[in-house]
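Novice: Given only the sequences and the hints, what does the whole structure look like? Please build it.
There are 2 protein chains.
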Amino acid sequence: MDEFDLIRRFFVRNGVPGVPGVVAASGVHAGAILGPGDDCALLAATTTAAARFAVTTDLLVDGVHFFSDVDPRSLGHKALAVNLSDLAAMGARPVAYLLALALPRPDIEWLEAFASGMHALADRYEIELVGGDTTRGPLAIAITALGEVDPAAALRRDRARPGDDIWVSGCLGAAAFAVRERLRGHPLPAVHAALTRLEKPVPQVELGLELAKLSAQGLVHAAIDLSDGLAGDLSHILARSGAAMVSSIGAALWAEALPSHECLSGLVPEDRHDLMLFGGDDYELLLTAPTMARGVLERLGGLHRIGVLDARPEMRLQDGSGGERVLPNRAYQHFRSESDRL
Amino acid sequence: MDEFDLIRRFFVRNGVPGVPGVVAASGVHAGAILGPGDDCALLAATTTAAARFAVTTDLLVDGVHFFSDVDPRSLGHKALAVNLSDLAAMGARPVAYLLALALPRPDIEWLEAFASGMHALADRYEIELVGGDTTRGPLAIAITALGEVDPAAALRRDRARPGDDIWVSGCLGAAAFAVRERLRGHPLPAVHAALTRLEKPVPQVELGLELAKLSAQGLVHAAIDLSDGLAGDLSHILARSGAAMVSSIGAALWAEALPSHECLSGLVPEDRHDLMLFGGDDYELLLTAPTMARGVLERLGGLHRIGVLDARPEMRLQDGSGGERVLPNRAYQHFRSESDRL
Chain A
1 MDEFDLIRRF FVRNGVPGVP GVVAASGVHA GAILGPGDDC ALLAATTTAA
51 ARFAVTTDLL VDGVHFFSDV DPRSLGHKAL AVNLSDLAAM GARPVAYLLA
101 LALPRPDIEW LEAFASGMHA LADRYEIELV GGDTTRGPLA IAITALGEVD
151 PAAALRRDRA RPGDDIWVSG CLGAAAFAVR ERLRGHPLPA VHAALTRLEK
201 PVPQVELGLE LAKLSAQGLV HAAIDLSDGL AGDLSHILAR SGAAMVSSIG
251 AALWAEALPS HECLSGLVPE DRHDLMLFGG DDYELLLTAP TMARGVLERL
301 GGLHRIGVLD ARPEMRLQDG SGGERVLPNR AYQHFRSESD RL
Chain B
1 MDEFDLIRRF FVRNGVPGVP GVVAASGVHA GAILGPGDDC ALLAATTTAA
51 ARFAVTTDLL VDGVHFFSDV DPRSLGHKAL AVNLSDLAAM GARPVAYLLA
101 LALPRPDIEW LEAFASGMHA LADRYEIELV GGDTTRGPLA IAITALGEVD
151 PAAALRRDRA RPGDDIWVSG CLGAAAFAVR ERLRGHPLPA VHAALTRLEK
201 PVPQVELGLE LAKLSAQGLV HAAIDLSDGL AGDLSHILAR SGAAMVSSIG
251 AALWAEALPS HECLSGLVPE DRHDLMLFGG DDYELLLTAP TMARGVLERL
301 GGLHRIGVLD ARPEMRLQDG SGGERVLPNR AYQHFRSESD RL
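Protein chains in written order, with our numbering: chain A, 1 to 342; chain B, 1 to 342.
Please keep in mind that the hints were generated in silico from the structure rather than gathered at the bench.
Quantities reported herein were computed from a predicted structural model and do not represent experimental measurements.
Built from N, CA and C at the ideal position, the CB exists for glycine as well.
Honestly, I wouldn't trust all of these hints.
[Claimed, not checked] Covered by chain B, per the in silico footprint, the following chain A stretches (three or more residues, Cβ under 8 Å):
(1) 89-95
(2) 169-181
[What the hints assert, rightly or not] Over 12 Å on every C-beta distance to chain B, these chain A residues come out as not near it, computed from the model:
(3) 39
(4) 299
(5) 317
Specialist: Structure, rendered in structure tokens:
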């Protein structure tokens, strides 16, 4: 058994290396007809005739997306979580994923922890690793996730309209706070809850599926997951929706409505707002919806109404006393900003 | 426009950044309902009700899979070609692909050449880049390719049987010869044809589609693409097919039937055989088929019958005078061997 047989052992769970990795198609949702070990995996969508595949890929690189000393179990979790977050932001049900992994050497302890973090999250959504590629090289992790969604229900970025309410799930700013504290050399225990938010983000898959049902009824217009900060990610919705309408579209955000993580409570308001607006790695969902959806969105729980879309071509932050500042539509130049989606 | 807007410009061809990348679903084959610019791409299979998605990912790393001074246009071609080769080895029709790219800095000239090489190959198969991710980091390229295939026609690795003929397409050894000459410091013009085979491999997509039709009729049993050398790749078919049968399966290869590339003509036979058996990067298709398929496979053209499967648990190379040597089932430890598929 050579080094890479050993590596394969941690990732291929449908039998030992060399044994066909045929996975029975699940009766519940889409599944793999043929898993790892062949030239390709074969996937079938089985829920409904209208279902289609949503597919996304994210690349995590040492020193850009994570600190070099990150716990490998957390890293395995996060590498998959950021992809599931993209599926959630599309309203797609996760089906399967592939892993392309470059690592400097086959460190068994590291691999075991990395794989266990990834598998634990995969198990939560009953999805399997159906293929991949490993190679020696500077540590880099590219996961491709596939999900299933009815295109008529998909949570797209280009359907927001002036007059829509802006909603966000959960609370914001904790992951960016953890990065900032770490870069300032502050001890980790003081920011433990924030570090958990940074290293073990929870993809909003269930919420995405609920929102997709509402999207099919016209009760949600657009959505995106928050990976690069609220301002930057909202600007993607504005750019694509404005282009689709061939018209300008902007946003007013209410400073006092932004849901900040409790670890930000000791900060002055401007500092807190900056972390929430420009910090990355929150992996909450941002959505826009018509006003008639307020009741149903409030009943979902965990959503905060934080502003409104209008026809002014920019994003503004409004305080309670009538003050307003125009927001840049770029994420902060922190360690996540050196990457972008195609 | 920041650096990454500039990068995006080279890869997103369905409109300018910020404009919805909606791609009309093709009437001919599967296509993208929603292309780049959202959280996920949406894909539909449209050819037949039985069609399913085949999905594969390959990661190319600087210094492991290519020389650092490789022509970026060739690299763009090859990064996509190796994935299309996996689709070909499954008998799948290419549908779409995603790119995860880490690069040290946004070098516009490099990116333009890389993208043009990739797009030129994509155009040949009428497939689109439907999503991706770019980041700063040591040069690494992970492409995920999706294809469409009827599972009943798919060219799997685990259906080979003793008594099958072994066939291979094209000619072998040229890419490994180019690597060897380069590592020995020999001038490139002397191995130009070989270098083209290494840097601009042609994925056998059309052949894979023809073989899939035969597979559906039981006239092809198993197939794999040759990325790590004939011996190593044949051993994958033997391992998976043997496990599927719970029985031993081996192979006799005929030294004089192996189709060597003309650039190997000056070498002594043992040298030539080693490059063909253990050299990588040929990207030809290796298949096994029942004897009754001989006529139809010969009529396809370009296929060579190079041996036969039997029930002895190993691979042997037989020469014309009754001599036989047992082959190790591992690829050579050349620069490609530090990677493996899951």
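Novice: State for each hint whether it applies.
Specialist: Hints and how they fare:
1. 89-95: holds (count 3)
2. 169-181: It is violated: at least three residues are needed, and the stretch 169-181 of chain A offers just 0 whose Cβ sits closer than 8 Å to chain B.
3. 39: 4 Å, violated
4. 299: 25 Å, holds
5. 317: 22 Å, holds
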